[in-house]
Amino acid sequence: MATRKVNFKRPQNFLFFLNLLSLSLVILYNKSFDRLSVGVVVGLTLTIYISNLLLLKISSGDHYLLQIVSMMMSLGIIMIYRINPELGFTQVIWYVIGIMTFYLTYFIIKKITFWPKCMKLYIGASFLLFLLTLIFGSTIKGATNWIQIRGHTFQPVEVIKILFVFFLASYYVNRNKFENKYILSIIVYLHIGFLFIQKDLGSAMLFYMVFIVIFYVYENDRKFILINIIAAILMAILGYFAFGHVQIRVEAWLNPWSDISGNGYQITQSLFAIAEGGFLGKGIGNGYPSFIPEVQTDFIFSAICEELGILTGIAVIMLFLILIYRGIKISLEQKNQFYRIVALGITLTLGFQTFIILGGVTKLIPLTGITLPFLSYGGSSLVMSFAALGILQVASEYIYSEQEENYEQGTKEDN
Amino acid sequence: MNKEQKRIIKVLFLLSILFISLIVYLTYFELFRAEEVKNSSYNKRPANDEYVLRGSIYDRNKTLLAYSTKSNDDAQVRNYEYNNLYSHIIGYYDNIYGQSGLEKSYNSALSDSNVIDDVKNVFFQVLDNFKINEENIPLIKESQGHSLVLTIDHALQQYTKEQLGNRKGSIVVMNPKNGDILSMVNYPDFNPNDLSNNWEKISSDEENPLINRATEGLYTPGSIYKIITTTAALETEGIDTQFNCEGEINIGGFILKDQSAHGNVNLSEALIKSCNVSFGQIGVQLGQDNLNNISEKFMFNKKIPFDINTKKSIFPKNKMDKAEIGSTSIGQGKLEVTPLNMALMTSAIANNGEMMTPNLVKSVINSNGTIIEESEPKVLSTVTTSEIANNITEMMVDVVNQGTGTQAKINGINVAGKTGTAQNSGKDHVWFVAFAPAENPQIAISVLLENNGGSGGANAAPIARNIIIKALNNIQQ
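Residue numbers (our numbering), protein chains in the order written: chain F, 21 to 435; chain H, 35 to 511.
Treat the hints as calculated values from the structure; they're not laboratory data.
Please note that a few of the clues may not be correct.
DSS-like cross-link-like pairs, simulated, lysine-lysine; straight-line CA separation at most 27 Å [to be verified]: (1) H:K356 with F:K201; (2) H:K37 with F:K355; (3) F:K197 with H:K37; (4) H:K337 with H:K138; (5) H:K37 with F:K137; (6) H:K356 with H:K331; (7) H:K412 with H:K96; (8) F:K243 with H:K40; (9) H:K37 with F:K243; (10) H:K353 with H:K202; (11) H:K72 with H:K195; (12) F:K355 with H:K44; (13) H:K37 with F:K201; (14) H:K138 with H:K40; (15) H:K44 with F:K201; (16) H:K211 with H:K291; (17) F:K137 with F:K349; (18) H:K331 with H:K211; (19) H:K396 with H:K331; (20) H:K40 with F:K197; (21) H:K40 with F:K349; (22) F:K131 with F:K355; (23) H:K412 with H:K337; (24) H:K195 with H:K351; (25) H:K44 with F:K243; (26) F:K355 with H:K202; (27) H:K44 with F:K349; (28) H:K412 with H:K138; (29) H:K235 with H:K96; (30) H:K37 with F:K349; (31) F:K131 with F:K201; (32) H:K44 with H:K78.
Derived DEER-like restraints, expressed as beta-carbon distance ranges [unchecked claim]: (33) H:S105 with F:L154: 55 to 65 Å; (34) H:S55 with F:I70: 29 to 39 Å; (35) H:N36 with F:N275: 44 to 54 Å; (36) F:I117 with H:I51: 30 to 40 Å; (37) H:N36 with F:S80: 17 to 27 Å; (38) H:S55 with F:I250: 19 to 29 Å.
Even glycine gets a Cβ: it sits at the ideal position worked out from N, Cα and C.
Using the sequences and the accompanying hints, generate a full structural model.
Here's what the structure looks like:
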C-alpha cells in the first residue's frame with residue numbers, strides 16, 4: 021500500500037512534486053517564508069488533490085480536462101507568486117473559488133435540461149450586460165470593459181463569452197423552428213460592435229473567430245460564409261482607417277522599436293523577457309518579470325518564458341493543444357447536438373483566446389489585451405474559465421435528451 | 035463519419051496549425067532574433083546575472099574601495115569610492131563597456147553567492163516567523179557576492195598617486211619578501227564612476243588612459259637593465275670586468291658613449307657610475323645566449339602570473355650582431371619591459387635572488403567575512419644565488435650613496451637602487467628602481483616617467499625616496 025501512495029502513474033503526484041520543487045525554489049529566491057508561502061503551498065496542493073479526486077467520484081466523463089488545467093494553474097500560480105507573493109496567494113483563493121464554480125456549474129448544467137430553449141434569454145442577457153458595461157463601465161488599460169461593484173471589478177465580457185456559445189448552440193439546435201441567417205449575423209455583429217465600442221479588440225476578434233468557425237461547421241449556405249469572411253475583412257480594413265486605437269495596435273505590432281517608450285513599450289519588454297530566457301530560462305527568481313507592465317495578467321507567458329525558458333513556454337502551448345484536442349474529441353463523441361455545439365464553442369473560445377494572447381505577446385499577431393486562460397492572474401476571467409470547463413465536463417458525459425432522437429434527422433438535413 | 039464531424043476535424047487541424055505555428059515562431063525567435071533583441075540598449079536587464087549583489091573590494095586594512103548598491107528597479111550600481119585612484123587595479127564594471135582589471139579577472143568570485151548562505155537565510159526566516167530565532171540572528175535578505183581584500187595599502191596608494199602627479203608614467207611598490215603589491219599607480223588614468231559619459235573621450239585618447247602601464251606598458255629599460263647584465267657577469271666564469279673607460283668605445287661598428295670618461299673601473303664602479311663602455315664589453319663577452327637565459331630567469335619572454343592581465347617583457351629572439359649585443363647589455367636595443375617586471379627584478383635581488391610571485395588579492399572573503407581563498411607567498415623564479423644577490427645589493431647601495439642615484443639617499447637607512455635613462459623614439463624614459471632597507475628589505479619600488487626627457491637620477495630617484503620613506507613609516511606604525 022505504501023508504494024501505491026507514491027505512484028507516479030497518477031498525474032496528481034507528478035504535479036505535487038513539480039509544485040513542491042518550484043515553490044521551494046521561489047521561496048528560496050524570494051527569500052520569504054511566511055504565512056503566505058505556507059498558504060500557497062498547502063492551498064495549491066490540496067486544491068489540486070481534492071478537486072481531481074472528487075471528479076473521479078462524481079463525473080463519468082473526461083478526467084483529463086481538470087488535470088490539464090491543474091497543471092496550468094500550478095504554473096500560473098508559481099509564476100504569479102514569484103512576481104508578487106500576495107497576488108499569488110489571492111490567486112490560490114481564486115483557484116479555490118474557480119473549482120467551486122466548476123462543480124457548481126457542472127451540477128447546474130447537468131440538472132437543468134431546457135438550456136436549448138432559452139435562446140432569446142441568452143441574447144437578452146448578453147445585450148443587457150453590454151449596456152450595463154457601457155453605462156457603468158470604467159476604463160482600465162485602455163478598454164472600457166470593466167464594471168466596478170463596491171471596489172471589486174469584473175469583466176462582463178467573460179460571462180458574455182459563455183452566453184454567446186449557448187446562443188449559437190441553441191440557434192442551430194432549433195433551426196428547424198426558426199432559421200434566419202441574416203438575423204443571426206446581425207446579432208453576432210452587434211456583439212462584435214459593442215466590443216469594438218469598448219475598445220476591447222481582443223474579445224471582438226475572439227467572438228468573430230468563434231462565430232465564423234461554428235458558422236463554417238453548421239451553416240448550410242456555404243456562399244454566405246464566404247460573404248461573411250469577406251465582409252469581416254472589409255470591416256477590419258475600414259476599422260483600421262476609422263479608429264485610431266486600431267492603427268496604434270497595428271503600428272506597435274509592425275514596428276514596436278520605433279516607438280519603444282510609448283506604444284511599443286509593452287511588446288518590446290515582453291520580447292526582451294522571452295529573448296533573455298532562452299530555451300531553458302534564467303531560473304525561477306533570476307529574471308526581471310517586473311519590467312513588463314501587466315506581467316501577472318496579459319504577459320504571464322513572457323514571464324514564464326524568461327524564467328522557465330521557452331521550452332516551458334512550448335509546454336504551455338502543448339497543454340492548451342491537448343485541452344483543445346480533448347474538447348474537440350468531446351464534441352465529436354457527444355450525441356446530444358446542443359452539447360456538441362457547446363463543447364465545440366467552448367473549445368474554440370479557449371483555443372482562440374489562447375492563440376490571440378500568445379500570438380500577441382510574442383509579436384506573431386498584433387497585441388490585444390486579453391487574459392491567458394487558467395494562467396493569468398484575475399478573478400472574473402479565472403472563475404468564468406472554470407465555469408466553461410464545468411460545462412465542457414458535462415458535455416464529456418453521455419447525455420440522454422430529446423435531441424438524440426432527432427440526431428439522425430439532423431445529419432440528413434446537413435447532407 | 036458525417037459532414038459535421040469531418041468539418042470539426044478540419045477545425046482541430048486549423049487550431050493545431052495555429053498552435054504549432056506559435057511553437058515554430060518562438061523557436062525561430064529564440065534561435066535567430068533573441069541575440070539582437072537582448073542587446074537592444076532599451077533592455078534594462080543587466081548583461082550579467084545580477085540577482086546577487088556584487089561583492090565589495092577592500093584594501094589590506096579593510097578600507098572600502100568599491101561596492102555595489104541596488105536601485106529601486108533591482109538594477110545594480112557599482113560605486114568606486116576613490117574615482118581615478120584605482121582605475122587600473124580594480125578597473126571598471128559596466129553593463130555596456132564590460133569589465134577590466136580585477137572586476138574582470140575576479141568577476142565570478144564577486145558575483146558568486148554562497149548557496150549555503152541562501153539556504154541559511156531562508157532557514158533563519160523560518161525561525162523568525164515561528165518566533166524561535168531567540169538568538170536574534172540578523173537576517174540578510176540579500177544574496178551577496180564574495181568580496182576581495184587587496185594587498186594594496188590605501189594610504190600608500192594615495193601617496194604614490196600624489197608623487198606621480200600629472201606626469202605620464204607608472205609606479206609599482208611591493209614587498210620583495212612575499213610579492214604583495216602595496217601600491218600601483220599609472221598616469222593617465224580615468225574615472226570608472228563616470229564611464230558612460232566619457233567613454234568616447236577615454237577610448238579614443240591617444241595617451242591610452244585605459245591601459246595599465248605597470249602591467250601592460252612596454253618600455254625600453256635603459257641602464258636599470260645593467261642589474262641583469264651584472265648578475266650574468268657574476269654568474270659566468272672568466273668574464274673580464276676590469277676596463278679603462280675613455281668615454282666611448284666602438285663595438286662592431288656602433289659607438290657606445292658615456293657622459294664622461296670614467297677611467298679605470300671594476301664591475302662595482304661600472305654599476306655605480308652606470309658605465310656604458312664597461313657593460314657593452316661585458317655583454318659582448320657574455321654573448322646573446324647567456325644574456326637571453328639570465329633575462330628569462332628574470333621573467334623576460336614569460337607570462338608573469340598575476341591577478342590582472344600582464345604583458346611579457348621582451349628579450350629579442352633574432353640573431354644579434356656584436357653592436358646589438360653591446361646596446362642590449364646596457365638596456366637599449368630592442369629590449370622592452372613592463373614596470374611590474376622591473377619591480378620584480380629589483381625584488382629578486384632584494385630577496386636573496388628569489389623572485390616572488392606578485393600578489394594583488396590577499397584574500398577572497400564571503401559575505402560573513404569568512405576567508406574562502408587566501409594567497410600564499412610563492413617563489414616565481416630563482417634568478418641567482420644569494421651570494422651574488424647580496425653582492426649586487428652592495429653595489430646598488432653604493433649607487434645611491436655615491437653614484438648616479440644620490441637623490442634617493444635617506445638618512446639612517448641604506449637604500450639600494452639603480453637609475454635608468456632610456457633612449458627611444460620620443461623623449462627619454464627615466465627609471466629608478468630601488469629597495470630598502472638594504473640589510474632587511476621591506477620595500478621594493480620601480481618608478482618610470484614616460485618620455486620625461488630628464489635623467490633617472492634627477493627626476494625618478496626623488497619620487498622613489500619619498501615613497502620609500504612613507505612606506506617604511508607606514509610599516510613601523
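Against the structure, the hints:
Between H:K356 and F:K201 the alpha-carbon distance is near 108 Å, which puts this suggested pair outside the 27 Å criterion. Between H:K37 and F:K355 the alpha-carbon distance is near 15 Å, which keeps this suggested pair within the 27 Å criterion. Using a Cα cut-off of 27 Å, the hinted pair F:K197 and H:K37 holds, with the two alpha carbons roughly 22 Å apart. A threshold of 27 Å between alpha carbons decides the hint, and for H:K337 with H:K138 the separation of about 18 Å falls inside it, so the pair holds.
Taking the CA atoms of H:K37 and F:K137, the gap is about 25 Å. The hint holds against a cut of 27 Å. Annotation: proposed proximity of H:K356 to H:K331 holds, straight-line Cα distance about 23 Å (limit 27 Å). Under the criterion of a C-alpha separation no larger than 27 Å, the hint pairing H:K412 with H:K96 is consistent with the structure, at around 24 Å. Taking the CA atoms of F:K243 and H:K40, the gap is about 19 Å. The hint holds against a cut of 27 Å.
Under the criterion of a C-alpha separation no larger than 27 Å, the hint pairing H:K37 with F:K243 is consistent with the structure, at around 17 Å. In summary, the hint linking H:K353 to H:K202 is not supported, as the alpha carbons are separated by about 34 Å, beyond the 27 Å threshold. Among the hinted pairs, H:K72 with H:K195 is inconsistent with the structure: their alpha-carbon atoms are about 40 Å apart, more than 27 Å. Between F:K355 and H:K44 the alpha-carbon distance is near 19 Å, which keeps this suggested pair within the 27 Å criterion.
Of the supplied pair hints, the one linking H:K37 and F:K201 holds, its CA atoms being roughly 20 Å apart against a limit of 27 Å. With a C-alpha separation of about 64 Å, the suggested pair H:K138 and H:K40 falls outside the 27 Å cut-off, and the hint is violated. Between H:K44 and F:K201 the CA atoms are separated by roughly 23 Å; this keeps the pair inside 27 Å, and the hint holds. For the hint pairing H:K211 with H:K291, the CA-to-CA distance comes to about 37 Å; that exceeds 27 Å, so the pair is violated.
Taking the CA atoms of F:K137 and F:K349, the gap is near 25 Å; set against the 27 Å cutoff, the hint holds. The hinted pair formed by H:K331 and H:K211 meets the criterion: a straight-line CA distance of about 18 Å does not exceed 27 Å. For a cut-off of 27 Å, the pair hint linking H:K396 to H:K331 stands: about 25 Å separates their Cα positions. Taken as a hint, the H:K40 and F:K197 pair is honoured in the structure, with Cα atoms around 25 Å apart against an allowance of 27 Å.
For the hint linking H:K40 to F:K349, the alpha-carbon distance of about 12 Å falls within 27 Å, and the restraint holds. With a C-alpha separation of about 18 Å, the suggested pairing of F:K131 with F:K355 holds against the 27 Å cut-off. Straight-line distance between C-alpha atoms of H:K412 and H:K337 comes to about 16 Å, which keeps the hinted pair within the 27 Å bound. With a C-alpha separation of about 36 Å, the suggested pair H:K195 and H:K351 falls outside the 27 Å cut-off, and the hint is violated.
The straight-line distance between the Cα atoms of H:K44 and F:K243 is roughly 18 Å, inside the 27 Å bound, and the hint therefore holds. Of the pairs offered as hints, the one joining F:K355 and H:K202 is violated, with about 92 Å between alpha carbons and a cut-off of 27 Å exceeded. Proposed proximity of H:K44 and F:K349 is supported: the alpha carbons are some 12 Å apart, at most 27 Å. For a cut-off of 27 Å, the pair hint linking H:K412 to H:K138 stands: about 23 Å separates their Cα positions.
Between H:K235 and H:K96 the alpha-carbon distance is near 33 Å, which puts this suggested pair outside the 27 Å criterion. Distance hint between H:K37 and F:K349 is fulfilled; the C-alpha atoms sit about 15 Å from each other, no more than 27 Å. Only pairs whose Cα atoms come within 27 Å are accepted, and F:K131 paired with F:K201 is rejected, the gap being roughly 31 Å. Distance hint between H:K44 and H:K78 is unfulfilled; the C-alpha atoms sit about 44 Å from each other, more than 27 Å.
Take H:S105 and F:L154: their Cβ atoms lie about 43 Å apart, and the range 55 to 65 Å is violated. At roughly 37 Å, the beta carbons of H:S55 and F:I70 sit within the given window of 29 to 39 Å. Taken as a hint, the range 44 to 54 Å holds for the pair H:N36 and F:N275, whose Cβ atoms sit roughly 47 Å apart. Checked against the given bound of 30 to 40 Å, the beta carbons of F:I117 and H:I51, roughly 35 Å apart, stay inside it.
Between H:N36 and F:S80 the C-beta distance comes to about 25 Å, which sits within the given range of 17 to 27 Å. Between H:S55 and F:I250 the Cβ separation comes to about 24 Å, which falls inside the hinted range of 19 to 29 Å.
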